[in-house]
Amino acid sequence: MDMKRDYYEDIQLLDSRILWFWFIMLVASLAIFPFLAPNYYIYMANYMAIHVIVTVGLNILVGYTGQISLGHAGFFAIGAYGTVLSMTALHLPFPIALLAGAFIAAFFGFILGLPALRLEGPYLAIATLGFGMAITQVIGRWQVFGGRMGIEAPDLSIGSYILESDRQLYFLIVTVAFLLTLAARNLMKTRVGRAFIAIRDSDIAAETMGVNLTFYKTLAFAVSAFYAGIAGGLMAFLLGFINPSSFNFILSIYFLAFVIVGGLGSIFGSIMGGVFMTWLMLTLDKVQELPYLGSILITFSERWMNLTGLPNIASIIFGLIVVLLVVFEPLGLYGFWIRTKIYWKTWPF
Amino acid sequence: MFLQLVISGISFGSLYALVALAMVIIYKTSEVPNFGQGEMSMLSTFVAYALLVTHSHSFIFSFIGALLFAAALGIFLEFVFLRRAKDPNILSLILITLGFQMMLYGLASWKWGADQRDLPFPVSDFDVINLGTAVISYLNIATILITLVLMFMLFLFFKYTKVGIAMKATQQNVMAARINGIRTNRILSLTWAMSSMIGAVAGILLAPIATLDPNLMLDPLLKGFAAAVLGGMTTLVGAALGGYMLGVIENLFGGYISLEFKSVVAFGIIVLVLCFKPSGLFAKHYVRKV
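Those sequence lines, one after another, are chains A and B. Residues 261 to 609 in the numbering used here are what the first sequence lists, from first letter to last. Residues 4 to 293 in the numbering used here are what the second sequence lists, from first letter to last.
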């Protein structure tokens, strides 16, 4: 659709005036949003931003490098516990603690990347699944981590500012999410990003072209884990409290579902996927409060199912969305977007 | 102490072996590790529970009912979702099974909530037989026996029946099997039904030891994968042996080294085996051609 004429055009971050315009609009609306929206929507926006970070990170691994991971809740947990413990036990200031947590996660990502060098497809899925479950088990049994009861996040302060309300957290979380997304988009336009894509398309061909597989595969895992770690660290403060059971296998699958729904191999898709699925998740949590549908579901649950289990309908819908998307639209929301765009560009035809 | 650990290890190991067998049967035909396996057997176990407790039928009736449900569920998933994927790659197949996993988990949690239930089992877990220094409960004996009988039946099925041989042919080469007049699509559905039934047996045998809730099979799923990887994802005998080995190793680790980190053993075994002998202990190594 768009013809690139030289290398510098290819590596530009935003390649047209129109994109620049929308980019500036986006920044402006993100900045204005917390002053206009009610509190619940700001909480939701924070949730979305954190999930966007994880989704972008996981997409670097799954969509761009072609390595599946079913253990991202593990990195998320490492980031959360790493950040909180660095602050409570080592008394580090928040920004350093957040980075420390993320780098610990990245280190574990590197470790997990090592067996990934010899594995592919189903075996890698199993190994990462095992990793994710093992992390939760270890955290749940070790007293340093607060055991099954979990630990509370300390007060959050950056310099002399103390961040308490969701509105104050918004500026931190959304800024971080924005920067990390931009960084991911940038990364994909560099030598490293192209190496990732080459590995996804064919690792043997990539190796014969001189891509160092050992380095780039472990790097992909480490970068992806770093993103999950940062997101985990922020999540600890959004929730105010973390315990091992919130980082279970189901969460790993949810993360993967975000990537699939958004679209494999697309940063913009990851943003759409993270935002849309988080909205769906938080809405379905209170499905009984929805107009019309809610009361139908309540009657149905009372007659046939179980009312307390009603929020689990989210899981059914997520599963259905994933299966249907994989079967009918493997590119996810990004695929819809591309098709709509082409439709309007070539309109009468 | 040692004997006791080995005995209960074998008892747990036979459950892992069943889960691993169920996975390997599907992996060999559909070439996808079925991540929905655990939830499929969990749901079948709940069906057994509903028939047995809620509708108070006899145990045999509920058991057979659950098996039939499991078979229908397997065929349904294969026919309605998996077959619709056109020209699927390995990632999309894995994602479809993960989609099943989410759907079934959500369905079971919606219907039965997170309450912990007990599945009454006709064989007691508390009556034991003394074997010198160790004891073995009737439930353990039943588990081990049922597993062995099931494995023997599987062996006979694959060795002597026409359908079993057709299934093996499909696993080796779909195209050649089709040329020889085998309806491979039906074989595929049948494979899912069989695998789902084996999983259901594992679930029903596990339920009296653990508590019955939607998380029943999350842990055994990982153990089943570990067992399958340990023995080799492409051999039935290997997967069964892998299950027993994993059960015993895990129990010995729990008894002598650390009870707390017992459940990390499975993950350690997965990583070690995959690093040093990726195709498993009992399978021939397969080399991908470029």
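Honestly, I wouldn't trust all of these hints.
Derived list of chain B stretches under chain A, where covered just means 3 residues or more per stretch with a C-beta under 8 Å from a C-beta of chain A [unchecked claim]:
| # | region |
| --- | --- |
| 1 | 51-65 |
| 2 | 155-169 |
| 3 | 197-207 |
| 4 | 238-248 |
| 5 | 273-282 |
Partner residues aside, some chain A positions facing chain B, computed with beta carbon under 8 Å [claimed, not checked]:
| # | residue |
| --- | --- |
| 6 | Ile386 |
| 7 | Ile411 |
| 8 | Pro414 |
| 9 | Ser417 |
| 10 | Gly569 |
Keep in mind that the hints were calculated from the coordinates and are not lab data. Positions of the beta carbon are idealized from the N, C-alpha and C atoms, including for glycine.
So, going through the hints one by one against the coordinates:
no. : hint    : in the structure
1   : 51-65   : violated (count 0)
2   : 155-169 : violated (count 0)
3   : 197-207 : violated (count 0)
4   : 238-248 : violated (count 0)
5   : 273-282 : holds (count 5)
6   : Ile386  : 5 Å, holds
7   : Ile411  : 18 Å, violated
8   : Pro414  : 27 Å, violated
9   : Ser417  : 35 Å, violated
10  : Gly569  : 4 Å, holds
In summary, the numbered hints that this structure violates are 1, 2, 3, 4, 7, 8 and 9.
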